[in-house]
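Let's have the full structure, built from the sequences with the hints guiding it.
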Amino acid sequence: MKYSKLFPKTIKQVPIGAESVNHQLLVRAGFIHQEMAGVYTYLPLGWRVIEKISNIVREEMNKVNGQEILMPVLHPGENWKKTGRFDSFDVLFKLKGAGDKDLVLGPTHEEIIYPLLAEYVNSYKDLPLHLYQIQTKFRNEPRAKAGLLRTREFIMKDLYAFHESDEDRDEYYKIVREAYLRIFKKLELPVLITKASGGTFSDLSEEFQVVTPSGEDTILICSKCDVVINKEIAGKDCSECGGVIKEEKAIEVGNIFPLKRAYAEVFNLSFTDKKGEKKIVSAGCYGLGISRVMGAIVEVSHDDKGMIWPESVAPFRVHLVGLDLEDKSVMEMAEKVHKLLEAEGIEVLFDDRVGVSAGAKFADADLIGIPYRIVISKKTTEDKLEVKKRSEKETKFMSFKQFLEIV
RNA sequence: CGGGGACUAGUUCAUCGGUAGAACGCUCGCUUUGGGAGCGAGAAGCAGAGAGUUCAAUUCUCUCGUCCCCGACCA
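Heads up: take any position in the first sequence, counting from 1, add 187, and you land on the working numbering.
Hints should not be assumed to be uniformly reliable.
[Claimed, not checked] Straight-line C-alpha distance at most 30 angstroms; calculated DSS-like pairs for lysine-lysine: (1) Lys373 <-> Lys588; (2) Lys192 <-> Lys462; (3) Lys196 <-> Lys436; (4) Lys565 <-> Lys492; (5) Lys418 <-> Lys332; (6) Lys199 <-> Lys576; (7) Lys373 <-> Lys575; (8) Lys372 <-> Lys462; (9) Lys373 <-> Lys269; (10) Lys447 <-> Lys462; (11) Lys566 <-> Lys523; (12) Lys571 <-> Lys588; (13) Lys580 <-> Lys492; (14) Lys281 <-> Lys269; (15) Lys462 <-> Lys523; (16) Lys418 <-> Lys462; (17) Lys583 <-> Lys571; (18) Lys250 <-> Lys418; (19) Lys433 <-> Lys418; (20) Lys250 <-> Lys269; (21) Lys250 <-> Lys447; (22) Lys361 <-> Lys373; (23) Lys332 <-> Lys372; (24) Lys192 <-> Lys580; (25) Lys575 <-> Lys189; (26) Lys462 <-> Lys436.
Simulated from the structure, these hints should not be mistaken for lab results.
As structure tokens, then:
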């Protein structure tokens with residue numbers, strides 16, 4: 188990809204109203220554009236990051252036997268009336284369809300997936316069943332804030348798992364819990380598994396929290412036994428060992444909990460067991476905020492110059508900066524290195540602009556935060572590429588071959 | 001939903017009663033090229049919407065809208 192063709196370009200000024208770090212940097216670098224409070228367009232660089240996060244999540248969901256589906260954004264209001272959430276779900280977007288029909292923009296998908304499964308699941312042989320989707324959710328938050336951390340429209344992965352028994356459900360819960368840990372490790376996002384309120388469903392519920400001052404949740408960490416609890420449900424001292432606790436601000440990037448039989452009863456999601464008896468399905472729900480993860484990564488991984496993307500989700504792997512490009516031989520060398528890298532399957536953003544100062548190009552590279560920067564100029568040759576990692580200070584010189592070994 | 005702040009060029013901001021200005025960005029030309037280069041020329045605005053006060057409103061008053069911040073809220 189040539190930077191000269193990339194939409195859009197970076198901007199120097201901090202956008203008005205953008206106070207949180209993720210909002211400022213993502214807008215300035217051209218990853219996202221705000222349309223209204225809590226609603227954003229993902230621009231080419233930002234969308235590449237979203238896709239990479241999604242693919243990491245997808246891969247791990249498939250490993251735990253998840254089958255990907257895509258449910259509708261638009262829900263029949265009727266289903267929400269059945270569960271009582273048409274009136275009780277306070278951030279529900281409601282609208283009228285043709286014939287004055289009540290419709291809902293989906294903030295979560297129990298009201299779709301339960302009726303769906305009730306139609307198809309009959310026997311214990313149909314279980315367990317693990318279905319997930321990566322999709323846009325809508326929640327009419329009273330106050331959207333902090334860039335991608337709290338929005339009215341957001342991208343989320345939600346996995347719904349259905350089981351014959353609570354034992355089977357709880358066993359699968361542990362499996363997904365491990366998958367989540369692998370996901371956040373790949374995303375290089377340090378998470379603390381936090382005991383949380385189960386809402387209306389359960390006492391057992393865990394959140395994956397990223398500690399950062401910009402977080403809006405408060406979690407309590409026990410200094411003695413390493414238990415982490417959301418402040419919403421905790422007392423003064425550690426409930427496990429009575430140890431002293433410390434408070435931290437954190438961002439919730441995932442939440443897993445058993446749904447038990449709450450919706451299965453409403454929508455009559457039942458099956459016939461081996462003995463021929465009718466039973467109600469037991470379920471678990473596993474959420475992960477894809478777009479929020481993007482904001483959280485920026486919050487924990489940046490410096491005063493810009494973002495520092497983990498290699499797993501960076502929009503490109505190499506930022507090739509061409510200097511002295513009005514010199515024909517330098518331009519040819521840069522174009523050659525660009526092609527060679529792409530031939531190796533390495534994603535490259537090539538700053539091919541002519542007449543833009545070196546300082547401006549370096550500043551853009553730092554802001555965008557791609558892991559490896561290669562500079563091509565009068566001072567370099569193919570056997571002496573100038574390489575710098577975004578996360579490190581030192582610049583190293585190496586041949587193309589040597590670079591391929593480290594990248 | 002309560003409290004506070006803001007809305008003027010594409011962006012960030014000045015003007016604070018007398019019909020609008022800078023910086024950045026953009027276009028053209030020349031010079032320059034290792035940490036956001038210089039000079040010159042140019043394009044760019046119904047001052048969020050509406051009403052009121054006034055000879056005159058971007059400026060004062062009110063209403064509405066939008067955005068941000070602090071709370072409340074956050075299956």
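Decide if the proposed pair is consistent with the structure: Lys418 and Lys332, CA atoms, cutoff 30 angstroms inclusive.
Status holds; Cα separation ~21 angstroms.
Tell me if the straight-line CA distance from Lys196 to Lys436 falls inside 30 angstroms.
Status violated; Cα separation ~33 angstroms.
Restraint status (C-alpha distance of Lys281 to Lys269 at most 30 angstroms)
Distance ~15 angstroms between Lys281 and Lys269 Cα, so the pair holds.
With a cut-off of 30 angstroms on the C-alpha distance, tell me whether Lys566 and Lys523 pass.
Holds - the C-alpha atoms of Lys523 and Lys566 are around 16 angstroms apart, at most 30 angstroms.
Taking 30 angstroms as the top limit, are the C-alpha atoms of Lys372 and Lys462 close enough?
violated, 43 angstroms
Below or equal to 30 angstroms on CA atoms is what counts here, so check Lys373 against Lys575.
With a Cα-Cα distance of about 22 angstroms, the restraint between Lys373 and Lys575 holds, given a limit of 30 angstroms.
Verify the proposed pairing of Lys462 with Lys436, using a straight-line Cα cut of 30 angstroms.
violated, 51 angstroms
Would you mind confirming whether the straight-line C-alpha gap from Lys373 to Lys269 stays at or under 30 angstroms?
violated, 40 angstroms
Straight-line Cα separation of Lys447 and Lys462 no greater than 30 angstroms?
Holds: Lys447 and Lys462 sit about 22 angstroms apart, inside 30 angstroms.
For a C-alpha distance cap of 30 angstroms, please report whether Lys575 and Lys189 respect it.
holds, 20 angstroms
Is the hinted pair Lys433 and Lys418 satisfied, with a Cα-Cα distance of at most 30 angstroms?
This hinted pair holds, its Cα atoms lying about 11 angstroms apart.
Below or equal to 30 angstroms on CA atoms is what counts here, so check Lys199 against Lys576.
With a Cα-Cα distance of about 23 angstroms, the restraint between Lys199 and Lys576 holds, given a limit of 30 angstroms.
Hint compliance for this structure: hints 2, 3, 8, 9, 15, 16, 18, 20 and 26 are not met, and every other hint is.
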